[in-house]
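Line by line, the protein sequences give chains A and B. Sequential numbering from 1 applies to the first sequence in our numbering. Sequential numbering from 62 applies to the second sequence in our numbering.
By construction, these hints were calculated from the structure, which means they are not laboratory data. Among the hints, erroneous ones may be present.
[As the list claims (entries may be wrong)] In silico SDA-like pairs for lysine to any residue, Cα to Cα no more than 20 angstroms straight-line:
(1) A/K2 x B/C203
(2) B/K180 x B/Y369
(3) A/K21 x B/K234
(4) A/K22 x B/K180
(5) B/K150 x A/F49
(6) A/K21 x B/E231
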Amino acid sequence: MKAFLQERKIKFEDFDVSKNKKSAQEMINKSGQMGVPVIDIDGRIIVGFNEGELKKALKLK
Amino acid sequence: MVNEYDLIIIGAGGVGLAGGMYSARLGLKTLILGHSHGSELPIGGVITTTNLVENYPGFTKLTGTEIAEKIEAHTRSYDKVTIKEELVKEIKKSKSEFSVKTEKETYKGKTILFATGTKWRKLEITGSKEFENKGVNYCALCDGPLFKNKIVAVIGGSDSATKDALVLAEHAKKVYIIYRGKEIHPEPINLERVKSNKKIEIINNTNLTQVKGEKFVTSIILDKPYKNSKELKLDGIFVAIGHIVLSDLAKSLGVKTNKAGEIIIDHKTSETNLSGVFAAGDVTDKEFKQLITGVADGCTAAYYAYEYISKKRL
């Protein structure tokens, strides 16, 4: 996931929900579920590493 | 020429990566295709979901991710190896080579190694799908920290299930292990660990019949009472009831599998019923499946792929 974003030079902020309880709760509230990873792209929530969805949300080919 | 390889390895877990490392040592131009068959795991494969690896010689104790990264770095150190994160859609045999089509490209290979591994077997009871990732989870290492100070249960009696319980006990306030059989059957060292962990309670001879909840899981229903109740209040369950082998792609090529769907290989050479097609790791019919045994089989397959190419003068 991180490699996917880094390869395409897309800036992102990384929250480790295993260490940050506040971020963990925010992730659960936003995604309505308890599985990682979760990506928030301008309010669009993507659960899991879904390359197709990521590309759509980031308007990548 | 660009897309032509001596060996194409399908699967980039520890086994595929090790096979690639060895084939490169033998001078074979090698392509490893990861994310290849629906396991949804990163490069490094299933070992990345293991908290502690303590049975790999040379490393007394390290995490699954650490060992996966070491193997990947070792493989990448050889110029002969290319690793691509592409999903394989189709594989076909022509006269003396194989054609592997991904979502992006078509590659030609003189030999093939299936290292596609397995995926988690899903729990199929009332509510288990509805509450997936809402308290019905599969990766204790990934999602366990989200259950800090909560009550959880691991479903299953294997060594993996027991290790999941130990991981979860680091976060949760209470961990049940619920097993349908007479007694859980982990490696003795892990049995000792769970028995001495005060947070862990083992419930043998019991099945789940339902997962209940509202937004998230709030309880499960058992097929027999535990402490006078069939309903057990908890916040989540982690399912560890085994794996399904990912051999459909191999089958589509004509590779023979057993009743469990495992690829049948020659236990000396790792070759399948098809000449030039090899398999290694969790996807095969080998009985003892560990990273160390899979890695060995991956290297064996690479060696016999080299022999195959040399003898045929391909």
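Each hint, compared with the structure:
no. : hint            : verdict
1   : A/K2 x B/C203   : 15 angstroms, holds
2   : B/K180 x B/Y369 : 30 angstroms, violated
3   : A/K21 x B/K234  : 16 angstroms, holds
4   : A/K22 x B/K180  : 31 angstroms, violated
5   : B/K150 x A/F49  : 19 angstroms, holds
6   : A/K21 x B/E231  : 15 angstroms, holds
Hint violations for this structure: numbers 2, 4, all remaining hints satisfied.
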